[in-house]
Amino acid sequence: MHLSALTLIIPDYDDAIAYYTNTLGFTLIDDIDQGHKRWIRIAPSPDAQTGIILAEPGTEEQSRAIGNQGAGRVWLFLETQDFAADHTRLTAAGVQFEESPRREPYGTVAVFSDTFGNRWDLIEYS
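Residue 70 is where the sequence shown starts when you use our numbering, and the numbers rise one by one after that.
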């Protein structure tokens, strides 16, 4: 078994697709109109084992969770094999890092927030 996807609640499908594909460089895997909603799956690369399902909120409670699904903590981890190159690319694309890259016992990391307020680690494991 492996974790195939997680759901990320976003305010608008098309804005989220644009941000994650154009700014972060993710791949749009699926965009299927189901009539009442869309099944949208993105991933960091076409061959990634784990993707993200983008979902518009269906309730007011879900709307309030946008940008706070991790309760203010970093909860999404974007692994890279070349931290310096990806940090430079993301910065040039407009990603605002909350800190300078730092070394930890497990690797090199820097925190950023996506356009919806979710906190991420860009991380290259040692």
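Note that these hints are calculated values from the structure, not bench results.
Here the structure is a predicted model, which means the values were calculated and not measured.
You may find that some hints are simply not true.
What the hints assert, rightly or not - Quick list of in silico lysine to aspartate or glutamate cross-link-like pairs, EDC-like style, CA-CA up to 16 Å: (1) Lys106 / Asp81; (2) Lys106 / Asp83; (3) Lys106 / Glu125.
Given pair status - Asp81, Lys106, alpha carbons within 16 Å
With a Cα-Cα distance of about 11 Å, the restraint between Lys106 and Asp81 holds, given a limit of 16 Å.
For Lys106 and Glu125, compute the direct alpha-carbon distance and say whether it is at most 16 Å.
Holds - the C-alpha atoms of Glu125 and Lys106 are around 8 Å apart, at most 16 Å.
Holds or violated: Lys106 with Asp83, Cα cutoff 16 Å?
12 Å, holds
In this structure, none of the earlier numbered hints is contradicted; all agree with it.
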